[in-house]
Amino acid sequence: MNVDVNAIFQIAGIGIIIAMIHTVLKQMGKEDMAHWVTVIGFVVVLFMVVSLLDSLFKEIKTIFLFQ
Amino acid sequence: MGFGWIPGTLKFGIGADDMLKVIGAVLILFSGTMFGFYQAALLSRRPRQIRQFIQALQRLETEIVYGLTPLTIAFRKLADQLPHPAAGLFRRAGEALAASTDRSAGDIWRQAAEEQWKYTALKSGEKQILLQLGHTLGRSDREDQVKHLRLAVSQLQAEEGAALEEQKRYESMWKSLGVLMGALVVILMY
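Going line by line, the protein sequences match chains A and Z. The letter at position 17 of the first sequence is residue 87 when you use the working numbering, and the numbering goes up by one with no holes. The letter at position 93 of the second sequence is residue 118 when you use the working numbering, and the numbering goes up by one with no holes.
Since the hints were made in silico from the structure, they are not lab data. Remember, it's a predicted structure, so these values are computed and weren't measured experimentally. Check the hints yourself; a few may be wrong.
Under the rule of at most 30 Å between Cα atoms (straight-line distance), these lysine-lysine pairs were calculated in the BS3-like manner [said to hold, decoys possible]:
(1) Z/Lys200 <-> Z/Lys148
(2) Z/Lys200 <-> A/Lys100
(3) Z/Lys172 <-> A/Lys96
(4) A/Lys96 <-> Z/Lys148
(5) A/Lys100 <-> Z/Lys143
(6) A/Lys100 <-> Z/Lys46
(7) A/Lys96 <-> Z/Lys193
With the C-beta cut set under 10 Å, the calculated list includes, among others, these residues of chain A facing chain Z [unchecked claim]:
(8) Ile86
(9) Ile87
(10) Thr108
Here a beta-carbon is modelled for each residue, glycine too, at the ideal position from N, C-alpha and C.
Using the sequences plus the hints, can you model the full thing?
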């Protein structure tokens, strides 16, 4: 349970930091770079969510398939 | 597992493991901040150094036109008068010029510029201008050299304007971007 809460906080933190970097870069007129930062942040978070979902499905498998 | 409330124990605690993590996080955050400030310092140093080189070239022009000073002595005088990065270039070029007999002044100037370049915050545009100038140094009569020196000065002034513009735009950006990048790395690895 503890680990899951940490993961959520981590994702939220990444979101906040990425949003701040996006704002700073956009204000300084480097909009293309700002978009790239957002895309990279999105991919990183997606990767974390996918690995969490993977562990969730594995757990479900062990519960219902009696491996 | 993170610091804060430890389930089942009803108390707050920080283990040795977490202490190590916190120290690492602080170090990464610090280095990110310093990186950002370093980039900002480079940006603010560039226009100042371009201005130093403009001054140096104007003094060199004076030496050539009114003093009729030989290049070796002129370089040494400039090296004594100028502040740090520009002085190094002129001192190096002056020493090499005094020591050698068979190389052209342009060749020596280029070599000195390549050697001293890492101590400056200048970019390749200014380097090209200075190298171009080196080809004509000590090669033709006074009027021709003065023309080339004036040309180099006006080109450097254009570069200075661009550098000032860049500094205004990107200095504060780098300052906050360094901290943010450090924070991002810390959160990613925590």
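So, going through the hints one by one against the coordinates:
no., hint, in the structure
1, Z/Lys200 <-> Z/Lys148, "20 Å, holds"
2, Z/Lys200 <-> A/Lys100, "15 Å, holds"
3, Z/Lys172 <-> A/Lys96, "43 Å, violated"
4, A/Lys96 <-> Z/Lys148, "25 Å, holds"
5, A/Lys100 <-> Z/Lys143, "27 Å, holds"
6, A/Lys100 <-> Z/Lys46, "34 Å, violated"
7, A/Lys96 <-> Z/Lys193, "15 Å, holds"
8, Ile86, "9 Å, holds"
9, Ile87, "5 Å, holds"
10, Thr108, "12 Å, violated"
Checked against the numbered hints above, the structure violates hints 3, 6 and 10; every other hint is satisfied.
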